[in-house]
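Protein chains: 2
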Amino acid sequence: MTTEMHPTRWGDPAEAAPLPQATRDLVELALGVRDSPAVEHAALPPSGISAEVLAELRALLGDDQVLTDDDTRRLRTRGKSTPDLLRARQGDLSDAPDAVVRPATHADVRALLDLAVRHRLAVVPFGGGTSVTGGLVARREGLAGVLSLDLCRMKALRDVDLTSMTAVLEPGLRGPEAEALLAEHGLTLGHFPQSFEYASIGGFAATRSSGQSSAGYGRFDALVVGLTMATPQGTLELGSAPANAAGPDLRQLVLGSEGTLGVITAVRVRVRPRPTIKVYEGWQFDSFAVGADAMRTLAQAGLLPTVIRLSDENETALNLASQSDVGGSAAGGCLMIVGHEGVDAELIEARRGLVTAQLTRLGGTALGEERGQAWAEGRFHAPYLRDSLLDVGVLVETLETATFWSNRERLYGAVKAALTEKLGEQTLVLCHISHVYETGCSLYFTVAAPGGETPLETWQGAKAAATQAMVDAGATVTHHHAVGSDHKQWFAQEIGPVGVQVLRAVKRELDPTGVLNPGVMIP
Amino acid sequence: MTTEMHPTRWGDPAEAAPLPQATRDLVELALGVRDSPAVEHAALPPSGISAEVLAELRALLGDDQVLTDDDTRRLRTRGKSTPDLLRARQGDLSDAPDAVVRPATHADVRALLDLAVRHRLAVVPFGGGTSVTGGLVARREGLAGVLSLDLCRMKALRDVDLTSMTAVLEPGLRGPEAEALLAEHGLTLGHFPQSFEYASIGGFAATRSSGQSSAGYGRFDALVVGLTMATPQGTLELGSAPANAAGPDLRQLVLGSEGTLGVITAVRVRVRPRPTIKVYEGWQFDSFAVGADAMRTLAQAGLLPTVIRLSDENETALNLASQSDVGGSAAGGCLMIVGHEGVDAELIEARRGLVTAQLTRLGGTALGEERGQAWAEGRFHAPYLRDSLLDVGVLVETLETATFWSNRERLYGAVKAALTEKLGEQTLVLCHISHVYETGCSLYFTVAAPGGETPLETWQGAKAAATQAMVDAGATVTHHHAVGSDHKQWFAQEIGPVGVQVLRAVKRELDPTGVLNPGVMIP
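Protein sequence lines, in the order shown, are assigned to chains A and B.
When we follow my numbering, the leftmost residue of the first sequence carries the number 1251, and every step to the right adds one.
When we follow my numbering, the leftmost residue of the second sequence carries the number 1251, and every step to the right adds one.
Don't take every hint at face value.
Any copy, or any two copies together, can satisfy a pair, since identical chains are not distinguished.
Claimed, not checked - As a list, the in silico SDA-like pairs of lysine to any residue whose alpha-carbon atoms are at most 20 Å apart:
(1) Lys1405 to Thr1355
(2) Lys1757 to Thr1615
(3) Lys1757 to Gln1483
(4) Lys1757 to Pro1747
(5) Lys1738 to Arg1754
(6) Lys1738 to Ala1600
(7) Lys1672 to Leu1706
(8) Lys1528 to Gln1550
(9) Lys1757 to Gly1436
(10) Lys1528 to Gln1623
(11) Lys1528 to Ala1551
No lab work stands behind these hints, which were simulated from the structure alone.
Turn these sequences into a full structure, and let the hints guide you.
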């Protein structure tokens, strides 16, 4: 598998494929198609960094670790939101960094930050390049250039504590790399977001990521017990205990800071025994509301399985239509996936029995393991489908939010209405719940609509309306995609003016020259 | 039960009692006794607030809500640490506030803060007055006086959401008051620290409190899903979802802020069904290490009961000696208390069966429910015993910390050694673990030593040595007692210079005139 992604597409080109003819026909019928090939070799702006600064960078890191060639810079340009892809597909690579620098140690990062401050260079930490919220697009105003701080050389598993069940991971480790290192010790992190194959440990921490097994393993911010962050003011090292009452929990200020307050150079995370048993099942519920209530009941009874997700009627119908085994008892209603993982067969069976009894009581029909297995196998593949749809001129994007249970239905309706109003009646809006808590849940929407002549502007209008609908409904603007530059104005509404003041004050203190991922997250 | 505590003692005088003669004899033998009565009616410094300012305060809140009489001020003087009590017992009430002000609403609090800024008056939020870390002792330098902002009129249960299982509580509610209001809806907060009978919701939030049922219900900071804080810069309102990726979690900056960044005027907390079943059991383990390992195994298997606590050999021996039912199979070793609470008998029995099997496998011997019940009945009573011991010249205090499991033994030894070295070989050091996590646990020490001529100075030397030992062992300086003014210098070591810079920057931003609980928490 390639580890670097072209700015116009997701993932490994070997995994990409055009739409099957039957799907293309279906899409043509529903939304219309127009061949919309990407400009594959667009020109980059020249690197604007002076020879003196490059020499200084090379003296610091070594000649091989400071790269300004077009190929390297192209692969570090922006992230993977649909707007990012649309811009790149149109041949716009104007956000390419001026240089890619590759530190090997925390000390390297600290020295790089000092250098960046001295020369007023923006620093954009780069892990997997999977941001879908404009987190890798630095504002250039007032600065002499943009460095992509590529963490690809910081990939060590630095410590394993089998008694405390913690491990220290470096930020450049991609999901599969971290899992492979932990597997040598019989451990797992249990963090599997859809971006897992490319996204990095540093990115998980910097964006408060949440994975598909969050019900069992916890959100990434719940996994972190300690961390180290390099800042222009020095090093912040936190994590003296699992929990404490020693003032505000500053770890929670670093988690979600998206590279704007410093560069996370290590995290100590809670780990679990690597599961030897994994069972995924399909369940059917009559409606999204009935299924959601069942999830709520499980969460509030302390009976959550490792994975639990529920598609609404539209997503269920489309998922079935795109698979060969349509029909049978799974037709109609809403599909729920329930996964149980662990190492102790007896414990898993005990828990599975309780969950099964509850789900049955709450109106669920068991569909067996085949459908659960199909989900598990395809879980990281959806982004490839987006590329194929963009190729035929269909606008596809996802957005997500979260709220308390009592507000779920209102939020669901408001976001759907905003999208449909902006994109037209033929728009497909699919939704699922994939992260649940005792007090509430996430809502994850997938949207497909005709791209038209100006897909970028069309999407931006719809995204703005949907995000405002979230704020107006009292919900969060992002449950697990972070703020980036795309959510900033609504994030400001979410935390209010005093919240914005606090973030700006911390930013000013740690990064007074404003070189750290400028323009991202902090309104 | 009285709700106001005299500065020389804990709790309700009706509950206090001199030591039984047998206990006194035992203490005399071990530590020596000397009658050390408290000065009960020491003089207060006169209120230093000008008539003009008082008039302004009265115009704002009403005449009845601005109090400067000695009795009211006396009951708002300092907290309940042993140093606080020793100072008051010696007749030193020099930290009495100049006035006690009682706002009724968030708007009142906001207006009070504006007034305090205008007149440079320190504002010390007062809930239950149970701080044991000097959290209620404001630094007066550069300020015109000290207001005790008594939250006793803000005691509403403002909202109950039975779908999301959340409730909005006002900060002045004491533990039992909050539970009584929630009980009307069949709910519980499940937060029962030793200070429960007096401590308040606002205090729980401001100090990141953790209760005796934290294994089952979670720490207070884990219970909070939303909050409102009045600051001199305006109002901060947070909590748009159970969890999100919308930047740093600013709720975690308010939790633990100890009144230094603003006044918490409401919290939205997760609630649970009020348990109809409560079973507490005693268990015996051969040693503290074996018992601790059993706790770790349960935590890491996801099998924690509602309550789990383990006394070390010394605490076990002393607890048995002070009870009538000494002996039998409980003699020697270490006592563990295990509690199961809930509403579903079947679920509780299933879980209890799994826990019992594990504890037995891990070397535990079940002692039955009698000993568990005895713990449950006496759980809030220990502070009364301290008063009786101070009356006979014995120095008694508690201190606590937390660390990761692999560091538990080292930390335990280091703190004990530091205390014994400072206080002498005859010192009694007892310890228990009462809060456990997958990755670590708390350690709670009770210390008893001869007070001598200068008990305050003697204790301060021992406390300093023990706290430095915690920092040197890489542990936290407080798991659930907060920073206050007593832990500040070691807290600075724990979060390091960059952490201190961050806190100071936030403080400067929200409280530029420095009126909010000056001298507390922020180094």
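Structure-based check of each hint:
no. : hint               : result
1   : Lys1405 to Thr1355 : within (10 Å within a copy, 53 Å between copies)
2   : Lys1757 to Thr1615 : neither (51 Å within a copy, 55 Å between copies)
3   : Lys1757 to Gln1483 : both (11 Å within a copy, 18 Å between copies)
4   : Lys1757 to Pro1747 : both (15 Å within a copy, 16 Å between copies)
5   : Lys1738 to Arg1754 : within (13 Å within a copy, 25 Å between copies)
6   : Lys1738 to Ala1600 : neither (45 Å within a copy, 48 Å between copies)
7   : Lys1672 to Leu1706 : within (13 Å within a copy, 70 Å between copies)
8   : Lys1528 to Gln1550 : between (23 Å within a copy, 18 Å between copies)
9   : Lys1757 to Gly1436 : neither (40 Å within a copy, 45 Å between copies)
10  : Lys1528 to Gln1623 : within (10 Å within a copy, 40 Å between copies)
11  : Lys1528 to Ala1551 : between (22 Å within a copy, 16 Å between copies)
Consistency note: the structure conflicts with the earlier hints numbered 2, 6, 9.
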